[in-house]
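Given only the sequences and the hints, what does the whole structure look like? Please build it.
So the sequences go chain by chain: E and Z. Numbers 1 to 183, taken from the working numbering, label the letters of the first sequence in order. Numbers 184 to 249, taken from the working numbering, label the letters of the second sequence in order.
Treat the hints with care, as some may be off.
Ranges of calculated distance between the beta carbons of each label pair, as one might list FRET restraints [claimed, not checked]: (1) Z:201 x E:10: 14 to 22 Å; (2) E:16 x Z:220: 17 to 25 Å; (3) E:27 x Z:245: 30 to 38 Å.
Think of the hints as simulated: they come from the structure by calculation, not from any bench. Bear in mind the structure is a predicted one, so any value in this text is a computation, not a measurement. All C-beta atoms, glycine included, are put in the ideal place defined by N, C-alpha and C.
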Amino acid sequence: MAEPEDDKLDERYRALGREEPPPALDERILDAARRAAQSRPGRRHWMLPASIAAVIVLSVGVALQVQRGRSDLVDQHRSPAEAGKAAEPTSAPPSAPRASDNVMRAPALERKLQEVPARPAAQSSSLSAGQPIEAPPEQWLAQIAELRREGRDGEADRQLAEFRRRFPDYRIPEAMQQKIAPR
Amino acid sequence: AETNQQLERLARALETLPPAQREVFLMREEGGLSLAEIAAATGSNQEAVKSRLRYAVAKLREALDG
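Put into structure tokens, the structure is as follows:
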């Protein structure tokens, strides 16, 4: 399709695409690149071992620090435990003399153990009455006394019965007995 | 050396072509498109494409011949 006169133009245009630098210039550039690559072999060679060594040193250091930290924590935990162990013999003896008391308290303990399964039902009533299970005896007694003052004798009686089941061996002070006693 | 000078003149002339003429020339030389295809691609008619191509070739040939 091209005109005959265009062949020369086409040929020259194709030559534009294949244009390359002069061989002398090309060689000079390659020489400069080789010199640049060869001039820094030392730097590149020692950087890798140095970085590896640095990583190893850091890793060992961190591992040692962690190990020391763990040992410190163990020592901290041991010292109070050891103090506790030292104190245990002193606290243990109370259990020994209590052995005789335990014989006396066995019936009370047995009552408690027997009453535990039934307690959930009773607790629901006490809970519904607003009495928490974990309330200390003094607080419970104070609440019973308050019920008496309010004239809620029925509720006071139930609470008192529950209290005696819960704390059969609790000695109620005389003043409190007067406040909670049925009228 | 003379060839390099010719190539240099040709490259410079190609850069100085009007955009429409350069576009048509490159689409033909690089893309191998026909006049009809170039016309369809540029939204022109074949006569306009042929005219632009003729002008472009003339200028480039003049630059090549020096």
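Hint-by-hint comparison with the structure:
As the Cβ distance of residue 201 of chain Z to residue 10 of chain E is approximately 20 Å, the hint placing it in 14 to 22 Å holds. Range check, residue 16 of chain E to residue 220 of chain Z: Cβ separation about 23 Å, and the 17 to 25 Å hint holds. Judged by the Cβ atoms, the range 30 to 38 Å given for residue 27 of chain E and residue 245 of chain Z holds: they are separated by roughly 36 Å.
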